[in-house]
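**Q** Full structure from sequences and hints, please.
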Amino acid sequence: MLDAQDAVVAQPAAGYSEQGFPRSEAHTAHLLSQIAFLHREVERLEEQVETLRTKSFADARKITQDYEEAIKQKNLEIEEYRRRGGGEGSGADLLRRCKLLEKQLASVNSEKSVACIEKNDLMAKVRKLEALLRTRRQEYAAAQRSAEENEVERSSAVTALKMAVEGLSKEKESLMQQVAEMQKGAIVQRKDKNVSTENSLCCAEAQTDSVERVTQACQVNTMRPEEESVAVQHPAVFSLRALLEEKTCECDDLRSRLDELSAVQKDALAMLESAKRELADEVEQRRLAMSDAENLSVQIRGLQQRCSDQTAAERMLGERIGTLEDEKQRLFVEKTRIERDRDTWEEQLRQYERDVSQLSMAKNHANQQLGSLASENENLRVELKHFSEREAQMAYSLKAKDAEIQEILVSYQNSARENESLVENQRFLERELDNARAIIASKEESMIYVQEQLQSLQLREQQLTLDLQSFEYETETLHQRLARASDESTGLERKCDELQQMVRAKERCLEELHQSLRELSNQVIFKENENLLLRQRCDEMIGDAARQRALLAAERNHLQELEEANARLVAREVLSLDHHQKQLGASKEVEREREARLAVEEELDRAKKVYSGLQEKCEELERKAMNIESDLREAIASKERLHKIVVEQNEALAHLSK
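Residue numbers (this note's numbering): 323 to 980.
It is worth saying that the hints were derived from the structure and are not from the lab.
Every residue gets a Cβ at the ideal spot worked out from N, C-alpha and C, and that includes glycine.
Among the clues, some could well be false.
FRET-style restraints, in silico, Cβ to Cβ [unchecked claim]:
#	residue 1	residue 2	range
1	Lys946	Ser778	30 to 40 Å
2	Gln735	Ala760	29 to 39 Å
3	Arg609	Arg963	40 to 50 Å
4	Arg676	Arg955	56 to 66 Å
5	Gln777	Glu372	13 to 23 Å
Restricting the straight-line Cα-Cα distance to at most 30 Å, the calculated cross-link-like pairs of lysine-lysine (DSS-like) are [what the hints assert, rightly or not]:
#	residue 1	residue 2
6	Lys425	Lys396
7	Lys384	Lys765
8	Lys707	Lys721
9	Lys421	Lys396
10	Lys946	Lys394
11	Lys939	Lys966
12	Lys394	Lys384
13	Lys377	Lys946
**A** This is how it looks when you write it as structure tokens:
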């Protein structure tokens with residue numbers, strides 16, 4: 323009975339000790355891993371929020387600077403137009419002005435749409451971060467609840483162990499009392515046996531000697547002939563000997579049980595000490611976890627404050643966008659006014675053309691009158707001869723001037739062709755810039771795709787954590803099966819160790835994946851910065867192209883004015899032949915026209931210099947375009963490398979899930 327009770331008491335204690343402590347260690351390891359994961363997630367979220375904040379502020383500053391520069395440029399152009407409004411103007415200038423304003427309006431609209439898209443992206447990222455924070459809070463609450471359940475289970479395990487130790491101590495005391503009573507009974511029986519053997523024969527004396535030898539060695543001399551003789555001669559002595567043997571066997575059993583109980587008690591005390599130490603460690607870890615949770619709550623509040631600051635900045639950007647829309651409306655009104663002015667200038671140009679046609683008709687009529695006067699006035703032949711000589715000289719000078727004008731026209735046509743080639747080059751550069759923008763947009767889409775892949779990796783990571791929790795649940799069920807089936811305990815313990823090693827290996831793999839994801843996020847940020855630099859360079863090139871266009875337009879206007887001046891000179895020279903007095907003052911006008919022609923030649927030289935400068939600037943723009951193409955090729959190569967890295971990460975995750 324005592325053996326059965328000892329076995330029953332020892333089995334639950336051993337089973338509980340084998341089941342409870344590994345389970346508590348697994349729970350603590352799981353809690354620590356969850357807390358570390360939460361720390362990493364909070365750090366990652368802080369980094370994302372910081373990068374988003376810096377990016378949004380930089381974009382906002384850039385947009386505001388661009389808008390301010392555009393507004394300043396428009397104000398300057400409006401002032402210049404107002405200064406020139408009362409003076410001379412041409413329909414071509416107005417058309418170019420209208421086209422420029424339309425282009426600027428389209429660029430402002432595109433920038434506004436880009437700002438709205440970026441705002442929506444930022445809002446989506448903020449919502450995603452809030453969802454992540456909510457999930458992390460829920461995970462932290464679940465971890466805290468599991469820690470409390472663990473503590474309750476440990477306290478119940480400690481109380482059960484204490485009760486088992488108390489029961490064992492009580493059983494030990496009862497067994498000690500039984501052993502003392504049995505020793506007293508054995509001493510009394512020995513005394514009775516000695517008294518009975520004093521009045522016996524010599525064989526009885528020999529038998530008492532053997533009994534003394536038995537008490538000393540706790541053994542019985544079992545010699546069959548003597549036993550038979552003693553059993554025949556002295557049956558009472560034989561019965562006492564048998565009783566003594568039974569008592570000695572019981573004493574040996576009791577000693578062995580006492581040794582076993584003392585060993586079990588020592589094991590129980592050692593287990594209690596280890597349980598106390600583990601409980602103290604658990605209390606310390608829980609205190610650290612609480613402090614970490616407080617730090618996490620503080621960090622979450624800081625993130626919420628940052629999100630509120632971000633929303634305030636977005637609100638300010640919205641107000642700025644509203645003001646820009648008002649400016650857009652004002653520019654539209656200015657555009658309509660300019661169109662009306664353009665119509666008036668076109669009407670004036672038509673009137674000028676009608677005046678020129680009338681002047682040509684008057685010129686023809688004057689020529690007819692000159693012919694009639696030459697035929698009618700024969701008295702003025704000498705003077706006419708003289709004037710014919712002068713006329714021949716003037717015709718020669720006019721021919722020379724016509725030749726010079728033809729050279730000027732040829733040079734002007736060449737410059738116009740070169741300007742057209744420049745315009746074609748500029749259009750080619752604009753097409754290249756559009757292609758670069760399309761490539762940048764595709765790159766941004768690829769970056770969005772990479773971010774989506776990262777989010778899917780995070781979801782996959784959460785699924786892996788759930789799988790790990792399911793593995794831990796399976797290990798707990800295996801521990802329960804170990805308690806029920808003691809014969810298969812060794813094999814199941816090996817399996818549990820292998821599973822724990824697999825879990826650790828998976829945790830290490832997950833940490834490596836986290837590190838690789840951080841590296842990918844850093845590369846993505848670097849590529850975004852490169853995209854921003856490329857955008858800035860494209861904007862600079864667009865501004866340079868616009869300035870070059872403005873210079874070309876100014877040169878064209880200047881050349882048109884020169885042509886008009888030449889036309890006026892020709893008209894004046896033709897009209898000066900209608901009268902004799904005008905022919906006398908023609909020499910002075912010719913000298914003035916020569917001076918004007920020299921001024922025109924100087925202006926043409928300056929125009930050629932400006933044109934050479936424009937050619938150099940166009941070459942610089944071509945070099946910049948080549949550099950941008952090389953940068954885009956590098957960006958595409960880096961994008962392909964990132965895609966390969968993401969594919970490798972997906973393959974690694976698929977392998978881990980398998």
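**Q** Taking the hints in turn, state whether each one holds.
**A** Comparing the hints with the structure gives:
1. Lys946 <-> Ser778: 30 to 40 Å: holds (39 Å)
2. Gln735 <-> Ala760: 29 to 39 Å: Given a distance of about 37 Å, which is inside 29 to 39 Å, the answer is holds.
3. Arg609 <-> Arg963: 40 to 50 Å: holds (46 Å)
4. Arg676 <-> Arg955: 56 to 66 Å: holds (59 Å)
5. Gln777 <-> Glu372: 13 to 23 Å: Because 19 Å falls inside the window, the suggested range holds.
6. Lys425 <-> Lys396: holds (12 Å)
7. Lys384 <-> Lys765: Distance of about 21 Å is within 30 Å: holds.
8. Lys707 <-> Lys721: holds (20 Å)
9. Lys421 <-> Lys396: holds (13 Å)
10. Lys946 <-> Lys394: holds (27 Å)
11. Lys939 <-> Lys966: It is violated: about 41 Å lies between the C-alpha atoms, which goes past 30 Å.
12. Lys394 <-> Lys384: Within the cut-off at roughly 15 Å; holds.
13. Lys377 <-> Lys946: Satisfied, since the Cα-Cα distance of roughly 26 Å is no more than 30 Å.
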